[in-house]
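Novice: Chain by chain, the residues:
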Amino acid sequence: MSAQSAARPEAPEAKAAARMALRYARHGDREMAIAVPMGSVRRLEFPDRESKSAFVTAVLKARCEANEELELFGQPVRNLSGGARQKLRARLGALSPIVGLINNLNAWENISLPAAYHGKPPLAEVAVITQEVLDAFGVEPRIFLARVPDELGKLERKIAAFARLMIAGPELAIIESLDEGLSRAECARVAGFEQAYRRRHPAGTLIFVDIREES
Amino acid sequence: MLRALREIEGGVRLSLNAAGRLPVLRKPPVLESFLRQVYFTGVTASTGVVLRASLLGVLIIAITMDVLDADADLAVKILLLVVFREVGPLAAATVIILRSGTAMSAEMAMMRISGQTRALRYLNINLYDYLVVPRVAGVMIATAALTFYIQALAVAGGLLFSPFIIEASFLELAGRLFDSFTPIDFYYSIIKSLLFGFAVAASCCYHGLNPPDLTNNAVPKVVTRAVTQSAMLVLTINAVFAYVVFGILFFGLVKATV
Chain A
1 MSAQSAARPE
11 APEAKAAARM
21 ALRYARHGDR
31 EMAIAVPMGS
41 VRRLEFPDRE
51 SKSAFVTAVL
61 KARCEANEEL
71 ELFGQPVRNL
81 SGGARQKLRA
91 RLGALSPIVG
101 LINNLNAWEN
111 ISLPAAYHGK
121 PPLAEVAVIT
131 QEVLDAFGVE
141 PRIFLARVPD
151 ELGKLERKIA
161 AFARLMIAGP
171 ELAIIESLDE
181 GLSRAECARV
191 AGFEQAYRRR
201 HPAGTLIFVD
211 IREES
Chain B
1 MLRALREIEG
11 GVRLSLNAAG
21 RLPVLRKPPV
31 LESFLRQVYF
41 TGVTASTGVV
51 LRASLLGVLI
61 IAITMDVLDA
71 DADLAVKILL
81 LVVFREVGPL
91 AAATVIILRS
101 GTAMSAEMAM
111 MRISGQTRAL
121 RYLNINLYDY
131 LVVPRVAGVM
141 IATAALTFYI
151 QALAVAGGLL
161 FSPFIIEASF
171 LELAGRLFDS
181 FTPIDFYYSI
191 IKSLLFGFAV
201 AASCCYHGLN
211 PPDLTNNAVP
221 KVVTRAVTQS
231 AMLVLTINAV
241 FAYVVFGILF
251 FGLVKATV
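So the protein lines, in turn, are chains A and B. Everything in the first sequence is counted per this note's numbering, starting at 1 for the first residue and increasing by one. Everything in the second sequence is counted per this note's numbering, starting at 1 for the first residue and increasing by one.
Please note that the accuracy of each hint is not assured.
As the list claims (entries may be wrong) - Below are the EDC-like pairs computed for lysine to aspartate or glutamate, each with C-alpha atoms no more than 20 Å apart in a straight line:
#1 B:K27 to A:E132
#2 A:K120 to A:E132
#3 A:K120 to B:E32
Because the hints were derived from the structure by calculation, they are not lab data.
The task is simple: from the sequences and hints, build the whole structure.
Specialist: Pasting the structure below:
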């Protein structure tokens, strides 16, 4: 960057773009435009499963189709290099059926897998965060952590995936179809995810994604 | 034809990738997966082969002496040659294909079909690092260990039980065995079994990660392809080794006779 350009004040649009965690637009049959500011919590409802899944996939892959436009943290993803895309993806996380648990690992191994693989955060911190999440949802850790996903209920699986998400601590987290398959009482319990996420990541952006229920 | 070429290309690429990424075994979850693979492929398989491997040695000595009318010296030499060079590695490879090859290819196909491999990718976990490398390395080590175990059992069984059916004492047979044994026999079988393990694991991982479609019906197809190709690869490697070693050692390099 030259000294001249560095001295020049940033254009207001560029500033606004930089403050956006996500901008997404879809052209064609079902036009849509979404903008989510950094640090906010948004609930997005999509008209159908396809458009919801297209949005989630585009964001998590940091890649968009020809009829889509996507900017993450003010950066258009269309012409990103492999390395830049990878860096961007490391700032994202999801609690979604497409980022499910691994069947042959128990809950603890599932929760700690990304941290153990990437070497951060340390496992002691992983244990603390996991304990915090389990305490918040009233789950007994010893039995829960030793179970494989098939032995866990739907709510428990979501709690394990949420603990994994909390450990990764993404700047932008997508929570997809949170209530799907849960009873009314369980829905009330998972509603606590937002608070739990906010407590640990006050500056993070949280997007809840669901399908619009036709009345 | 095109599919076969694509499979060869995919298999070679997977093998090169796995071989080049061995340092990832230092990562705790990869190391754990590797140890788990060694345990399930090698340790759990070892209990099932004790009796069969022991009887193998007796069978070889008995048949040699009966059919070839050989003396104990020749019988022990043949036991050594057959068990160490051919049957040991082949028997271990067969056990590995049937026990672990089937399980591994089915498990990986299920992971692919149920979207677990996609989940790993979203977690920025490289599939080669987490799924392929520990399995390939684990199966290689387990195949070598199982080969040695089968060889030891077959030879020990041959020496222990043969005195009941032939006229030679255990000590006599053991003495002849130690006279005939050369370290080359050991190295040869270890190298061969490592290659067998590599071929079986690479083939099973390749087919597991590339099912023909993403439905549950693909799992049996994946297992069939993986097992068939593993067996073919093992037999091909065995033939190449036999040609190279016996061709050069005993007959010199093969030359056309005019």
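Novice: Each hint should be assessed against the structure and marked as holding or not.
Specialist: The hints, checked one at a time:
{"no.": "1", "hint": "B:K27 to A:E132", "verdict": "26 Å, violated"}
{"no.": "2", "hint": "A:K120 to A:E132", "verdict": "18 Å, holds"}
{"no.": "3", "hint": "A:K120 to B:E32", "verdict": "17 Å, holds"}
Consistency with the previously given hints fails for number 1 only.
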